[in-house]
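A.B. asks: Can you build the whole structure from these sequences, using the hints too?
Now for the letters of each chain:
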Amino acid sequence: GEDVEQSLFLSVREGDSSVINCTYTDSSSTYLYWYKQEPGAGLQLLTYIFSNMDMKQDQRLTVLLNKKDKHLSLRIADTQTGDSAIYFCAGAKYKLIFGSGTRLLVRP
Amino acid sequence: DGGITQSPKYLFRKEGQNVTLSCEQNLNHDAMYWYRQDPGQGLRLIYYSQIVNDFQKGDIAEGYSVSREKKESFPLTVTSAQKNPTAFYLCASSSEVTGANVLTFGAGSRLTVL
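Sequences listed follow chains D and A, in order. Numbering-wise, the first sequence is residues 1 to 108 according to my numbering. Numbering-wise, the second sequence is residues 1001 to 1114 according to my numbering.
I should point out that these hints are in silico values taken from the structure, not numbers from a laboratory. Incorrect hints may have been included.
What the hints assert, rightly or not - Derived DSS-like pairs: lysine-lysine, alpha-carbon spacing no greater than 30 Å straight-line:
#, chain 1, residue 1, chain 2, residue 2
1, A, K1057, A, K1071
2, A, K1009, D, K70
3, D, K36, A, K1009
4, A, K1057, A, K1009
5, A, K1057, A, K1083
6, D, K70, A, K1083
7, D, K68, D, K56
8, D, K70, D, K56
9, D, K36, D, K68
10, D, K67, D, K36
11, A, K1083, D, K95
12, A, K1083, A, K1014
13, D, K36, A, K1057
14, D, K68, A, K1070
15, D, K95, A, K1009
16, D, K67, A, K1071
17, D, K95, A, K1014
18, A, K1057, A, K1014
C.D. replies: Encoded structure:
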């Protein structure tokens, strides 16, 4: 079955770039997703990438997909304190499988 | 505005009691889901429903029950058979966007067993 792994914690300074990494096991995932969760709230979709793409850019967000290594990353440019949250990657062929989430802390 | 409403936001339960968490959506989505979130863990799927009057077990369905009598509503009952029910519960619904299954989440319900 699908397994999705992420590092648990990342700390960056305000204005720096953040890179959150994710590895997955099931190469048949059709889409891969990034969700953001703020404290005590539900998840909100940030972006997603189709499995035949290598990169997708959306304003400050850049998603990179390395299918050979089954590695997905989310880069946040010019990280702000409002970006502090938990970030989940998820893969799906028939149903979504979530990673355990990476807590991003942005220091002033 | 369209969205998903979960209630209550906080719920306390004594051991041995059943509780029902409400989930209502006005997005006209066909599919709805219940996830459980524990600290330091990802989301685990409890039940999902792709159409009215039909639902399937997810990965951790034991001790839970659901119904889907209306498209807008997908309530979750946490029964006394659930051994460790204290958790954050998230409801979601989905639509297909250019082939991607995009989930919209509610704000969550935090259940604490005393």
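A.B. asks: Is K68 (chain D) close enough to K1070 (chain A), meaning Cα to Cα at most 30 Å?
C.D. replies: violated (43 Å)
A.B. asks: Take the C-alpha atoms of K95 (chain D) and K1014 (chain A), compute the straight-line distance between them, and say whether it is at most 30 Å.
C.D. replies: The hint is violated at about 33 Å.
A.B. asks: If you draw a straight line from the CA of K70 (chain D) to the CA of K1083 (chain A), is it 30 Å or shorter?
C.D. replies: violated (36 Å)
A.B. asks: Are the Cα positions of K67 (chain D) and K36 (chain D) separated by 30 Å at most?
C.D. replies: holds (23 Å)
A.B. asks: Given the hint that K68 (chain D) pairs with K56 (chain D), test it: the Cα-Cα distance must not exceed 30 Å.
C.D. replies: Satisfied, since the Cα-Cα distance of roughly 17 Å is no more than 30 Å.
A.B. asks: K1057 (chain A) and K1014 (chain A): Cα distance at most 30 Å?
C.D. replies: holds (25 Å)
A.B. asks: Given the hinted pair K1083 (chain A) and K1014 (chain A), is their Cα-Cα distance within 30 Å?
C.D. replies: OK: K1083 (chain A) and K1014 (chain A) at ~12 Å, within 30 Å.
A.B. asks: Is it true that the CA of K1083 (chain A) sits at most 30 Å from the CA of K95 (chain D)?
C.D. replies: Distance of about 26 Å is within 30 Å: holds.
A.B. asks: When you check the alpha-carbon spacing of K70 (chain D) and K56 (chain D), does it fall within 30 Å?
C.D. replies: Since the Cα atoms of K70 (chain D) and K56 (chain D) sit roughly 16 Å apart, the hinted pair holds (cutoff 30 Å).
A.B. asks: Are the Cα positions of K1057 (chain A) and K1071 (chain A) separated by 30 Å at most?
C.D. replies: Measuring from Cα to Cα gives roughly 18 Å; hence the hint holds.
A.B. asks: Is K1057 (chain A) close enough to K1083 (chain A), meaning Cα to Cα at most 30 Å?
C.D. replies: Satisfied, since the Cα-Cα distance of roughly 17 Å is no more than 30 Å.
A.B. asks: Holds or violated: K36 (chain D) with K1057 (chain A), Cα cutoff 30 Å?
C.D. replies: holds (26 Å)
Checked against the numbered hints given earlier, this structure breaks hints 2, 6, 14, 16 and 17; the rest are met.
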